[in-house]
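Residue numbers (the numbering used here), protein chains in the order written: chain B, 1 to 352; chain D, 1 to 295; chain W, 1 to 149; chain S, 1 to 268.
By construction, these hints were calculated from the structure, which means they are not laboratory data. A couple of the hints might just be wrong.
[Stated by the list, open to error] One side of the interface only, derived from the structure: several residues of chain S facing chain B at Cβ under 8 Å:
(1) I6
(2) Y35
(3) E50
(4) T87
(5) K192
(6) P193
(7) D197
Every residue gets a Cβ at the ideal spot worked out from N, C-alpha and C, and that includes glycine.
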Amino acid sequence: MTLRILLNRVKTDTLLKKNMTKFIKKEDLYKLLNSFLKDFEIIGPKQIANKGIFYEPLESIEDLYLGELFAIEPAKKFFLESSECLFHSGFLDGKATVQDAPLPDKRRIIIGLRPCEAKGLILLDKVFDSEYKDRSYINNREKSVIVGLACAKPDKSCFCTSMDGSPTGSRGMDVLLFAVEDGFIVEIYSDKGKEAFSSLGKEPDEHQNKTLSAYKQKRSELIGKNFKVPGDLSPIFESDYWDKVSFPCLSCGVCTYLCPTCHCFELVDEGRKMYRCNDGCAFSNFTLEASGWNPRPTKKERYRQRVFHKFDYFKKIFGENLCVGCGRCIRHCPVKMDISEIVSNAPSGAGK
Amino acid sequence: MIEELRNKARELLKTKQVEAVIGYQRASDGLSAIPCVIRSEEEAGRLIWDAACVYNLCGYLKDFRAKKLGIVAKACDVRAMIVLISENQLNRDDVFIIGMECCGVVDEKRARVSGRDGSDISSADKCKSCASCVPLAYDCLIKEKREKAKVSEDADKDKYEPVRKLEAKSLSEKSKSWKDEFKRCIRCYACRQVCPMCYCPRCVADQFMPVWFSKAGGIEGNFSWNVARAMHLAGRCIDCGECERACPVGIPLRDINRKIEKDIKELFGYEAGMKTDAKPFLACFDKNDPEDFIK
Amino acid sequence: MINPRTQELKNSRAESWEPKIAAFLCNWCSYAGADLAGTSRREYPPNIRIIRLPCSGRVNPLFVLKCLMDGADGVLIAGCHTGDCHYSEGNYYARRRFAILKKLFEFLGIDPRRFQMAWVSASEGDKWVKVVKELVEEIKKAGPILAKS
Amino acid sequence: METKNIYLPRLAEITDIKQETPDIKTFKLKLSLVYKPGQFVEFSVFGEGEAPFCISNSPTRGPGIECSVKMTGKVTQALHELNIGDTVGIRGPYGNGFPVENLKNKNILFVAGGIGLAPLRSLINYCLDRREDFKSITIVNGARSSNDLVYKDEYPIWEKAKDTRLYLTVDCQEDNWSCMVGVVPRILEQIKPVCQDSVAIVCGPPIMIKYTMPVLLKLGFCPEAIMTTLEMKMKCGMGKCGRCNIGPLYICKDGPVFSYAQVKNYVS
């Protein structure tokens, strides 16, 4: 439903009535992407030695990494940029002026997104494309074709199935690739995807179709973590559980900045340009007021805010958890805090 | 060794020598460790000790000002405490150091970025140049029962070798490679938060009159943040490597820290975290300090 | 990659570039020295922007960083000769601090010519002129800082 | 289809500045804006940043808006340095404002502390301009000292209005002070305002709100009949930037006016 609304934004961009499925050889896919390079900016995961996988605009398709490892930062950064100019202010003939920051025009293909990240974009749409519409976010969304990659081997910190997702989920995707022997099975969900991918490849044969359905089933079973989020956390708002679980927290921004759904930001005026910059609830500065009063003074309140925003407040407002179970905040936490464990072990009722 | 540690914690809590013990417990993945605080004898069974106990726990001491605490500490962690004591951030009498003889910890970072679980990863870089597996100071020492790993064997190897290699590059090479590194910085401040020496109540990065490190586009802000962070650690960093480990985007922060450490050692003969009564490096001077760079 | 604000600065100066140099001067010696150069009508390049501070020991490495990152092509710190500090020992602390910073800058690929220190006493108007002349020459050779980003 | 930039402010010229107390100034801006009492706007001082301020004049007394600003941080300091004729940016109005329709034919009790009078002033003047729509009006206004009282010029007008009572109080006795002395909750206990058919509207520092609520409940006000405006650090004003929530409610979007029933679990 949400997906449909989202894609309807641009006229040419509707969901197909029936998914198209294709098979494409690996070298053909790379050839196709190469041919896109002149009209599109192609963004994809790239392996940097000893540092891991990063999404970057690719200069050469050779750099594209479509393996099992997950990118460290989610592709969120191309939609909700870590810092983005919103407007300029200045003087013209002695009078103050304000002017919109120009929006980038180039169309782009973002390849290699995992189903969890694409779902994260759908959740971000609820915030940035709702009552108040954020034009640069929407522009970034409209200009992008999302070509996902189904997860071949979920990480041990993944828990997307507990968040109503799946390692092969199609929500938020224009196209989804499944890596199979000697190539990719391509599922096309939207006009945008059809426009880009329908010309190549062939219909998959029966064997490949079987492989695909087996693939889909098997991948979900590989997710080790499975838990149920309590329906309403508010009875335990005051519980000392939060004191206990937040103890290891360092109040750094790793979990929020690497989260595909965390979207809190601040507005900074630097040199008469207003920027929207990343911010996160873990920092004590986040809610510190000029008077010196801080409504969330310790890591307990701040960590609780993060958990409640994801698993209580957002659900109450938008009907879904603000979490896609990608496991980044668990993998990259400098002290290995595990939000899935913390949420699933949360006491029920107002226990002290 | 673990039982010995748990018994010690039980004893300390039972005899009320400490109010709590800060240590490690098993994380949810069943392999790594997560910091924990033990407040009662019954909880002491949660404590663990093995090569997964990577973190430097001294940072948590500031959550419990003026309380008597026990802390599980490796050699490198104790050096951090020594600096904290010399800077009057910590009262030696407030901590009971449970010193752990350490054979090196796993390279948690490499395990993370390569998608492995750490059990097959050799010890962290910092351990390869570690000179001692026994802490400089402790109130009790828990000895390693296993055959000692070859920690100290490599210790003679020049610790500053990587720094020298980087120094030898041309200016433009250095400029380019560091810009590439800092470009990725996401300003999550994990390096600051994880650092046992970063205890300022309000970091310069959080001040906004003026804004010292621009957050708006460009790498200037990232560059100055990373330089300022390193400068604030000059003469204080004990090379526990936590900043580099915590950095999610893999900026080689230890190279910067070690560069400063090396210069301080070579120019001023000073080494941080060796003596509790040492004056902080930048809070003292010698009339004969080198000044050949000054006109 | 470049901060848009500094990009403007860069464009405005692409044609006939003259270096901009921030100079932190101690009130008691170097500022008086620069003053002496002025009152004795000695000429030196106008690229210096002087910031007067009570002591060279007051200079925080952050000041230097902020200058360089916000578009200064060079930074000079000048203070009393060792032993002459008005506050007895401020310049000794500064000396330690900036010995480290200078080495660190070089390590991170910032041209060491961009950051310099000098001891200039109140009577050394000539030395001040010499220091500034040399500095401006060197920074001209190093080029605009932003062209390097 | 081009989406409008929701962060782009409108330009507004400062037409008047009034020094209310040593650190509070009221700025009058030339700007036509449709708003309700209790709503707020985001001020942008170009080159310094943005900060939210409630509109302190009544929409019945346009044109232009007034905002009172206490000098505390970077933006407010820069704002205090501006002069008549300078231009600021304004985004808004944001927030829900007071539910004026629900207040009709009710007795209204205003309880203000310090600069908390600013949003109430908007509503007080609104009620006075439509006097026949409301029953009795009681205003309790407290401040640390008589120097910290704001909108002093308007007190005589308020006192003279029909069926309106004004109680002024300062925390400690001072020379030449003829009104009441004591903190706001104590004063409320003394004057015992009627609770039948009444609505209490409370605005002030968190500590005042905390101690006023039990007194009002004791006086017989039900939680639904107590309105308060809450404050927290805000940036976007549109419920996006994620910092000003009290539970699932965003102060900037769902507030800043809440009934005590809505937020009692969080104001402790």
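Checked hints:
{"no.": "1", "hint": "I6", "in the structure": "holds (5 Å)"}
{"no.": "2", "hint": "Y35", "in the structure": "violated (17 Å)"}
{"no.": "3", "hint": "E50", "in the structure": "holds (6 Å)"}
{"no.": "4", "hint": "T87", "in the structure": "holds (4 Å)"}
{"no.": "5", "hint": "K192", "in the structure": "violated (31 Å)"}
{"no.": "6", "hint": "P193", "in the structure": "violated (29 Å)"}
{"no.": "7", "hint": "D197", "in the structure": "violated (32 Å)"}
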